[in-house]
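Student: Residue strings, one per chain:
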Amino acid sequence: MTMLRLEGVTANYGHLRALEEMSLSLDEGDILAVLGANGAGKSTLLSLISGELKPSNGRIFFNDVDITHLDPFQRVRKGIALVPEGRHLFASLTVEENLLVGGSTRRQGSWSLDAVYDLFPFIKERRRSRGGQLSGGEQQAVAIGRALMSNPALLLLDEVSLGLAPVIVRDLYGGLRAVANEGTTLLLVEQDLTEALGVASQVLCLLDGRVVLTGSPDSLSQSQMITAYFGDGESAHKSERS
Amino acid sequence: MVWTNAVVQGLLLGGLYALFSVGLSLMFGVMRFVNLAHGDFSVLAAYAAYVLVEHAGGTPLWTFAAVVPMAAVVGFFLQHFILDRALGAGELSPLLVTFGLSIFIESALQQGFGANNDSLFLGPLSYQSWKITNTLYLGRLEVIVFVVAVALISGLQLFLSRTQPGRLLRATADNPRAAALSGVNPRRVRALATAIALATVAVGGLFLAMRTSFTPTSGSNDLIFAFEAVIIGGLGSLWGTLLGGLILGVAQTVGSQINPADGILAGHLVFLAVLAYRPQGILAARNAAL
Amino acid sequence: MSTLEAPVMTNRTVKRYSRNSLGALGIGAVVAAVLVVLPAFVGESSINQLTQFFSFLILAIGWNVLAGYGGMVSIGQQAYLGIASYAVLYLSLHGVLSWWAAPIAIAFCGVLSIPISYLAFRLRGSFFAIGTWVIAEVCLLVVAQIESLGGGAGASLNDLNRFSPNTAGDVTYWVGLAIVLISLASVALLLRSRVGLALMSIRDDELAAEATGVNVMRTKRIAYVLSATICAGAGVLLILSNLEVQPNSSFSVQYSAFMIFMVLVGGMGTFEGPIVGAIVFFALQQWLAANGAWYLIILGAVAVAVTLWLPRGVWGTVDPRNRRSLVPLRHRVSVSATVESGE
Ligand SMILES: Nc1ncnc2c1ncn2[C@@H]1O[C@H](COP(=O)(O)OP(=O)(O)OP(=O)(O)O)[C@@H](O)[C@H]1O
Ligand SMILES: [Mg+2]
Chain H
1 MTMLRLEGVT ANYGHLRALE EMSLSLDEGD ILAVLGANGA GKSTLLSLIS
51 GELKPSNGRI FFNDVDITHL DPFQRVRKGI ALVPEGRHLF ASLTVEENLL
101 VGGSTRRQGS WSLDAVYDLF PFIKERRRSR GGQLSGGEQQ AVAIGRALMS
151 NPALLLLDEV SLGLAPVIVR DLYGGLRAVA NEGTTLLLVE QDLTEALGVA
201 SQVLCLLDGR VVLTGSPDSL SQSQMITAYF GDGESAHKSE RS
Chain F
1 MVWTNAVVQG LLLGGLYALF SVGLSLMFGV MRFVNLAHGD FSVLAAYAAY
51 VLVEHAGGTP LWTFAAVVPM AAVVGFFLQH FILDRALGAG ELSPLLVTFG
101 LSIFIESALQ QGFGANNDSL FLGPLSYQSW KITNTLYLGR LEVIVFVVAV
151 ALISGLQLFL SRTQPGRLLR ATADNPRAAA LSGVNPRRVR ALATAIALAT
201 VAVGGLFLAM RTSFTPTSGS NDLIFAFEAV IIGGLGSLWG TLLGGLILGV
251 AQTVGSQINP ADGILAGHLV FLAVLAYRPQ GILAARNAAL
Chain G
1 MSTLEAPVMT NRTVKRYSRN SLGALGIGAV VAAVLVVLPA FVGESSINQL
51 TQFFSFLILA IGWNVLAGYG GMVSIGQQAY LGIASYAVLY LSLHGVLSWW
101 AAPIAIAFCG VLSIPISYLA FRLRGSFFAI GTWVIAEVCL LVVAQIESLG
151 GGAGASLNDL NRFSPNTAGD VTYWVGLAIV LISLASVALL LRSRVGLALM
201 SIRDDELAAE ATGVNVMRTK RIAYVLSATI CAGAGVLLIL SNLEVQPNSS
251 FSVQYSAFMI FMVLVGGMGT FEGPIVGAIV FFALQQWLAA NGAWYLIILG
301 AVAVAVTLWL PRGVWGTVDP RNRRSLVPLR HRVSVSATVE SGE
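Protein sequences appear in the order of chains H, F and G. Just so we're aligned, residue 1 is where the first sequence starts under the numbering used here, counting upward by one. Just so we're aligned, residue 1 is where the second sequence starts under the numbering used here, counting upward by one. Just so we're aligned, residue 1 is where the third sequence starts under the numbering used here, counting upward by one.
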């Protein structure tokens with residue numbers, strides 16, 4: 001069943017067109033990895049789905065309900081949670097408080113403090129530390145945990161591995177695999193291909209605000225992805241409205 | 001001995017100032033602007049109590065039960081219908097709107113009640129005192145006000161640190177974007193902050209009206225004192241605010257002891273000195289948004 | 001951001017004045033000339049009223065520099081108004097004819113505002129607004145204790161009594177007109193200078209401005225000092241026309257209410273806004289003055305309503321692109337493009 005559907009969505013920042021006529025559909029249980037170079041529009045796509053950015057054109061449906069005009073907090077209550085780029089923990093709140101704020105929506109589901117601590121045991125011992133005192137990896141785990149506390153049906157993750165050591169990235173992705181196994185649909189934005197392709201059931205490549213490639217990880221060749229990632233040289237300039 | 005007396009009286013007064021400040025810093029924490037009509041709402045509460053007593057009689061003490069919930073409701077609607085709109089209308093708008101509101105409230109009160117001093121008289125409680133030494137008397141009302149003020153501030157601190165709504169307030173103050181992404185309704189949180197702010201400032205207004213007197217324009221001073229206490233104490237914790245209030249109160253009473261006309265000026269000068277030498281405030285929390 | 005691609009020949013001229021703005025300048029010059037000779041044609045009371053109007057207009061111009069262009073809301077500019085009034089009083093008590101004292105008092109306030117700015121600029125946004133207010137209150141409390149200047153009861157300015165009321169009124173009127181014109185000219189010059197551009201870029205995006213090398217603090221300080229100097233002009237004019245001062249009224253926060261009202265209603269951050277706002281305010285005051293606090297009630301309500309529903313003010317709504325302005329803020333680039341056709 002289709003969970004998320006974007007129909008001809010366009011997004012602008014002022015005069016800059018960040019995403020052009022984007023259409024996308026995601027089924028329940030899918031794990032979609034969105035790839036693309038810096039500035040390709042990946043975070044913009046997530047902002048549109050999470051509701052922080054409103055499209056200038058097009059519609060967004062979640063479980064066949066039009067959510068185009070809903071605010072971010074309303075979408076969380078419908079089951080869409082975003083782990084933003086840069087983690088954005090509440091620096092002055094403890095780890096446990098961060099998680100409890102995530103659980104304020106009272107959506108039904110299986111996530112609880114204990115379940116999050118089971119998923120990422122290394123944050124349990126830091127539960128009384130403030131968000132601002134954590135290492136990058138711990139922060140990322142708390143950010144994921146906080147999003148899970150709202151019992152999302154669709155979890156959006158923006159560059160989970162950015163700036164983190166491979167060991168911790170492996171731990172985090174181990175957790176995400178477990179989350180996916182419970183039936184949560186994932187949409188991952190990544191620059192680091194290896195981890196993302198390891199879990200993804202589908203891949204989408206963005207270039208300059210357009211979808212240039214889609215498919216399953218197995219069906220796409222290395223060179224196809226590299227071309228999609230860097231462009232073929234001719235279209236490597238920003239598209240702009242004038 | 002007169003100095004001990006001045007300091008003690010200043011501490012008692014400072015507890016009340018701190019009560020004016022907590023709402024101001026709570027709203028600032030969540031919305032990043034100072035409600036310039038903050039003090040006027042305390043005066044509004046005092047006039048509401050004044051009118052209630054005049055019509056229904058009895059001691060002014062019972063009006064707490066009516067005025068404080070009313071203030072919270074007013075805060076809720078103020079946020080929903082005016083301040084939320086102002087927040088969306090540009091960076092300077094909340095300031096301009098609340099200043100306009102301040103002028104509106106002050107002149108409306110002036111039109112309705114004239115420019116006279118009024119007071120909420122509590123009977124004997126207004127002048128009875130406890131004798132500590134031959135030269136040190138503690139007014140009973142002053143002590144009660146102080147104790148209630150400190151208790152309220154402590155209760156509010158407990159509410160912020162231990163309850164889920166308190167956490168949501170702190171989370172929103174810390175990182176509004178992340179709060180919204182965690183499913184927190186920002187409008188609801190802002191309305192809660194303003195409701196609490198107006199309720200606490202109403203309590204402060206009633207107490208001040210019982211301790212001394214009020215005029216339609218005395219809200220300006222209330223605002224300034226609340227603001228000074230916040231800056232002196234340092235943003236980021238209610239304990240800092242309490243400390244700031246106490247310092248301001250002591251500065252004022254010691255100042256008046258030096259020269260009766262200089263009390264308020266002394267408070268201002270302490271504020272300016274803190275601004276010049278320790279602009280982050282005396283007890284600025286390094287890592288807290290509220 | 002947009003780039004034109006070949007084959008297009010472009011021919012750009014930067015126009016500092018549009019045709020409309022030259023027209024506005026012409027109208028302005030005519031109005032100014034009429035105002036200069038006006039005392040020869042109208043009676044004393046009208047002249048005095050115009051002088052009152054000038055003092056409000058000056059306040060509006062001064063506050064607009066700070067808030068409209070500098071993005072700083074102050075509710076303490078009455079400090080400079082009061083100090084300037086008292087400086088005139090002080091100088092007149094020491095033998096300087098009040099009219100000559102005017103420029104000295106204004107310059108004094110301008111200089112004084114520099115050290116004060118170092119204190120006030122420790123605060124930002126809302127806190128700056130109230131901080132400036134506290135500073136004004138301190139000035140009030142200090143001045144009220146200076147017995148030689150009348151203490152809390154105030155004092156009157158006597159040295160103009162030796163002139164006939166008519167002469168005194170006319171000279172003060174011309175002093176006021178001169179302050180108005182100089183204020184307007186200095187704002188126009190500021191806006192067209194590098195500092196003005198820097199100011200505008202800070203108002204639009206402070207971080208970006210700083211990143212491009214704008215000295216944010218210095219630029220804001222210049223706006224603050226200019227605003228203080230202009231507000232001092234109003235203070236000078238008020239004592240010259242009222243011939244008395246009293247601390248509680250000279251340093252009254254109500255002046256801030258007036259300034260904010262005028263600038264909001266006229267259009268914040270526009271050159272003409274304060275003029276429009278001052279006219280509206282003056283009319284409202286004349287009309288409602290008899291009704292006690294009512295005009296302040298209306299003032300407050302209108303300030304709230306305008307901020308929420310007419311944020312550009314009257315002038316900003318009439319002329320949203322700043323086309324008819326005396327001082328077009330953006331230098332207009334007119335591009336005459338010739339597309340080379342391939343024929
Ligand atoms: N808040 C903003 N204001 C203006 N332009 C923006 C804003 N956010 C993003 N952009 C622009 O939109 C385009 C897409 O940005 P986006 O953040 O979606 O890229 P991204 O694929 O997430 O890049 P990265 O890998 O660096 O995070 C970029 O050109 C960027 O400069
Ligand atoms: Mg990104």
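Do not rely on the hints blindly, as some may be mistaken.
As the list claims (entries may be wrong) - Cβ pair distances, simulated, as ranges: (1) F:Q280 / H:S25: 23 to 33 angstroms; (2) F:R188 / G:L310: 20 to 30 angstroms; (3) G:L288 / H:Q108: 31 to 41 angstroms.
Stated by the list, open to error - Computed, partial: chain F to chain G, Cβ under 10 angstroms: (4) N35; (5) A115; (6) N117.
As the list claims (entries may be wrong) - To give a feel for the contact side, a few chain H residues facing chain F, derived at Cβ under 10 angstroms: (7) S50; (8) R77; (9) P84; (10) S92; (11) L93; (12) N98; (13) V101; (14) G102; (15) A147; (16) L162; (17) G163; (18) L164; (19) A165.
Hints are computed from structural coordinates only; laboratory data are not their basis. Virtual Cβ for every residue (Gly too), placed ideally from N, Cα, C.
Student: Each hint needs a verdict: does it hold in this structure or not?
Tutor: Okay, the hints, checked on the actual structure:
A hinted range of 23 to 33 angstroms is violated for the C-beta pair Q280 of chain F and S25 of chain H, which are about 52 angstroms apart. For the pair R188 of chain F and L310 of chain G, the beta carbons lie near 29 angstroms from each other, so the given range of 20 to 30 angstroms is met. Range check, L288 of chain G to Q108 of chain H: Cβ separation about 60 angstroms, and the 31 to 41 angstroms hint is violated. This hint holds: N35 of chain F has a C-beta 9 angstroms from the nearest C-beta of chain G, less than the 10 angstroms allowed.
The closest approach between the C-beta of A115 of chain F and any C-beta of chain G is roughly 9 angstroms, which is under the 10 angstroms cut-off, so the hint is satisfied. With a least beta-carbon distance of about 16 angstroms to chain G, the hint placing N117 of chain F at the interface is violated under the 10 angstroms criterion. Annotation: S50 of chain H was flagged as interfacial toward chain F, and the flag holds, the nearest CB pair being 6 angstroms apart, inside 10 angstroms. Because the beta carbon of R77 of chain H sits about 6 angstroms from the nearest beta carbon in chain F, less than 10 angstroms, this interface hint is met.
Because the smallest distance between the Cβ of P84 of chain H and any Cβ of chain F comes to about 6 angstroms, under 10 angstroms, the interface hint for this residue holds. At its closest, the beta carbon of S92 of chain H sits 4 angstroms from a beta carbon of chain F; the interface hint therefore holds under the 10 angstroms criterion. Here the hint on L93 of chain H is kept, as its CB sits about 6 angstroms from the closest CB of chain F, short of 10 angstroms. Look at N98 of chain H: its Cβ gets to within about 8 angstroms of chain F, closer than 10 angstroms, so that hint holds up.
The interface hint given for V101 of chain H is met, as the beta carbon of that residue sits about 4 angstroms from the closest beta carbon of chain F, less than 10 angstroms. Taken as an interface hint, G102 of chain H checks out: its beta carbon lies about 5 angstroms from the nearest beta carbon of chain F, inside 10 angstroms. Interface hint status for A147 of chain H: upheld, as the beta-carbon distance to the closest one in chain F is roughly 8 angstroms, under 10 angstroms. For the restraint placing L162 of chain H at the interface with chain F, the shortest Cβ-Cβ distance is roughly 17 angstroms, beyond the 10 angstroms limit, so the hint is violated.
With a least beta-carbon distance of about 18 angstroms to chain F, the hint placing G163 of chain H at the interface is violated under the 10 angstroms criterion. The interface hint given for L164 of chain H is violated, since its Cβ lies 19 angstroms from the closest Cβ of chain F, which is over the 10 angstroms cut-off. Contact between A165 of chain H and chain F, as hinted, is not supported at the beta carbon level, the nearest pair being about 24 angstroms apart and thus beyond 10 angstroms.
Figure legend: structure checked against the earlier numbered hints; hints not met, in rising order: 1, 3, 6, 16, 17, 18, 19.
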